[in-house]
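Undergrad: Spelled out from the first residue to the last, the chains are:
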Amino acid sequence: MAFAVEIEDLTVAYGDKPALWDVDLRVPQGVLMAIVGPNGAGKTTLLKATLGLIKPAAGSVRIYGQPYERQRRLVAYVPQRSSVDWDFPTTVLDVVMMGRYGQLGWLRRPGRAEREAALAALEQVQMADFAHRQIGQLSGGQQQRVFLARALAQNAEIYFMDEPFQGVDAVTERAIIHVLRKLRAAGKTVVVVHHDLQTVPEYFDQVALINVRRIAAGPVREVFTEANLRATYGGRVAILGANGSAGAVTTPTPAPGD
Amino acid sequence: MIAERMIELFTDYTLRNVTIGSMLLGAISGLLGCFAVLRRQALLGDAMSHAALPGIALAFLLTGQRDTFTLLLGAAIAALAAALWLLAIVRTSRIKDDAALALILAVFFGFGLVLLSYVQRQPTAAQAGLKSFLFGQAAALVERDLWAMLAIGGPALALIAIFWPQVKLISFDPDFARSLGLPVRRFEVLLTSVIVVAIVIGLQTVGVVLMSAMLIAPAVAARQWTNRLETMVLLAAGFGALAAFSGAWISALGERLATGPVIVLAMSALTAISLLIAPERGLLWRRWRLMRQWQSGNGE
Amino acid sequence: MLTPQLEVQLIAVIIAAACTLPGVFLVLRRMAMLSDAISHTVLLGIVLAYLISNSLASPLLFVGAVAMGVITVWLVEVVSGSRLVREDAAIGLVFPALFSLAVLLISRYAGNIHLDTDSVLLGELAFAPFDRITLWGIDLPRALFFGSGALILNAILLALFYKELKLATFDPALAATLGFSPAIIHYGLMTSVSLTAVTAFDAVGSILVIALMVAPPATAYLLTDRLPRMIGLSVAIGVAAALSGYWVARWLDVSIAGAMATMAGIGFGAAWLFAPQRGIVAQALQHRNRRERFAVQMLTLHLLNHEGASDAVIECHPRHLIEELRWQPAFADAIVRRAEQNGFIRRQGEVLCLTEQGRALARDL
Ligand SMILES: Nc1ncnc2c1ncn2[C@@H]1O[C@H](COP(=O)(O)OP(=O)(O)OP(=O)(O)O)[C@@H](O)[C@H]1O
Ligand SMILES: [Mg+2]
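Chains as they are written, first to last, in my numbering: chain S, 57 to 314; chain B, 325 to 624; chain X, 11 to 375.
FYI, nobody ran anything at the bench for these hints, they're computed from the structure.
Incorrect hints may have been included.
Claimed, not checked - Mimicking SDA-like on lysine to any residue, the simulated pairs with C-alpha atoms at most 20 Å apart in a straight line are: (1) S:Lys111 with B:Thr392; (2) X:Lys173 with X:Ser158; (3) S:Lys111 with X:Leu163; (4) B:Lys420 with X:Arg96.
Stated by the list, open to error - Beyond 10 Å from chain B on every Cβ pair, some chain X residues (computed): (5) Glu17; (6) Asp46; (7) Leu70; (8) Val113; (9) Leu177; (10) Gly275.
Since this is a predicted model, take the numbers as computed values, not measurements.
The beta-carbon is built from N, C-alpha and C at its ideal position, and this holds for glycine as well.
Given only the sequences and the hints, what does the whole structure look like? Please build it.
TA: This is how it looks when you write it as structure tokens:
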């Protein structure tokens, strides 16, 4: 099997507090993979370290067998919380076009081709009607979809998305999962940080359970078991499914640090 | 008489230099100031323009020349050093940017005063005029100064134009830019240097104290009229030039009206008007629309 | 009585202390740049009051200046409250406009008075002893009298409202729910800042006012975590900057206010570099130590993971560690040595093995 992403012995620390310890993870090409774990488990850290946005203390990341720096164009990233200035003078279409800048190179200007690609991406997340709105004049869920569209416009091979379903309604969630499935059908690889354990078996092929260390990773059917979930979440999981693997949901215990 | 004066602004040699110089400054600083305001560094310009003073004094002390170019080079180096120290303080300590700004502004300026008072005791005759950097002296602009403005402002504008897509992206979402592999740090230094350029150009005309207004006000005014960065940047340049023109004109009309403060007041008035009546965003505009809605609601 | 020399130092010390007290809260509340705005715009208050009263001795000048400082803060809030402008930009809009107005008014209508815009910025501390008033039979420099007044007032206000200030600074929401209006506290503090700036800038210039309000508290903030200690330290640092600045200025025959600001800056720079826990040097040392400790843990963990595996001979070879953990050879050597010294690993021929202690450490993680 070809691996889109291979993470080996990845260790990341903020100060002297390790957020990830010796994590190994392999993501086969053409799958939808969920990354699951409690708040503060290091999911965001895992994505950021994979993308070289934070420097790991140890370990290596390979994208299609090559170091990340050489494969940057193959990767797109949707952050968990964008810290952008929402009052910035820019329109939705402009923001999505920024997804094309990586391919654009240094001196070329975005032109008609970039515009078309951006509009197509907006169409996919059903935001085409908002193309000319200023970016701050959108609801939280709509802003989320714009950043998803920006990633789509990158036309990458591998997509990393940090909680794309956060704060979106059921209809939007359906729309997004539809987009993700289309990506998979096109042979792309999608890695999604996900919080709703109940929908994991329905939405994803593969799952990685993370809590500072990698607890388990692999096909959902094999890995998404009660024992593994307990190991990941401690006692804070109530399993709903009778067979112990069909579905699970976190109890509403607030996690520290959230 | 008022109209005659306006023509004189461009025909009279001295007045022409003042007018064109101020307009150049207004346009350049208006345009470059947009990035300071959008990148949440509005007051960096204030700190850097104060920090330029020791650079001017040191350049004079070291070279013994009152040549504009030498002094401005000193100003630029000191301002940039201040900005870099400021960023380092904020990054490496618990001091927040407001305190770091105020501290650097006051300390560098204080050091500048020390050097100036030292310079003033020197027997060199050519020291007079250093103080004009405090409040600027638009009236003293000569043609050479205009060329100097173009010579330093032009490359800064050209850099922005060449790297426009990258500059825009980094101003909006530096994290995303980093994930695309853009050298974000280098661009941040570039954008800061470009603001230094605007300050250096402005020191002669409006001086240390009022320079921050030339960076901030046009950008804020322009932002109210448009939701597009391209338009905003051009509008800010236009507003800056317009305010500078009216400032030069008004100060030519009256006695004892220093050009710098008049320009700043004109720019402030333009900004206040924009904040009030700009379509969609202006305070009065919004109130007016609310009233219209309320009336049409009652009418049904 | 006192020599002018001593009087200048006394004035400087008192003004320094008076400035740092509200300055501590400006820094903690992230409003330091308001000191910049206020210390410039009070000039407009003075000019307006002069134009109304037509006298430089009128108490209206003082009232007008203090009021203008507060009005500046209020204007900044109005502008940023419109949500069209961020607060820092609002400050940068308001104060140059007011200051320009003041400069123009002076040059047009008050050109003959001693309100010289340079001296507003720069101050002339050396002349302060010659501007004297006689009160209750005592002949004092005016700046000394007003400076002491500001210091005493600030000290009393701090003593009375310490609890409220502290609460409103660290938890404005809680303060509001407990019934202390944050607005009243905010404007109270700003009045005190404005009043102090007005008293001080005549003697020392507005730039030194900013330096004294911000630099000593910022320095103290790097040295301690406790508010009472921070206040005490700030006052001490402010006084030290004033005195050392004075002597440096005398020695080199340069601007006194400038030298004091410079000394305040040097003090801050020293704390920034060498503060015991928060200084750059201390941080770098801590960072190195942490990195090594962390690397030792990582080494034990790595050895544990490969213990007993078939590839143990390869994986646990020091040369392989360099590749696998991406360590520099010198760094790897240092870490292996440190782990050995601490008794976490031992060498068996070419290969590294965990000791019982090392295994426990790795399992603990
Ligand atoms: N910049 C940072 N500095 C210090 N510690 C951090 C930083 N970012 C994250 N951490 C810590 O690292 C740990 C992992 O954080 P991370 O953001 O990766 O969690 P997460 O799994 O994404 O959580 P969530 O579900 O809340 O998004 C947390 O304990 C967090 O407190
Ligand atoms: Mg996260």
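Undergrad: State for each hint whether it applies.
TA: Each hint tested on the structure:
no. : hint                   : result
1   : S:Lys111 with B:Thr392 : violated, 46 Å
2   : X:Lys173 with X:Ser158 : violated, 24 Å
3   : S:Lys111 with X:Leu163 : violated, 52 Å
4   : B:Lys420 with X:Arg96  : holds, 16 Å
5   : Glu17                  : holds, 21 Å
6   : Asp46                  : violated, 6 Å
7   : Leu70                  : holds, 24 Å
8   : Val113                 : violated, 5 Å
9   : Leu177                 : holds, 20 Å
10  : Gly275                 : violated, 3 Å
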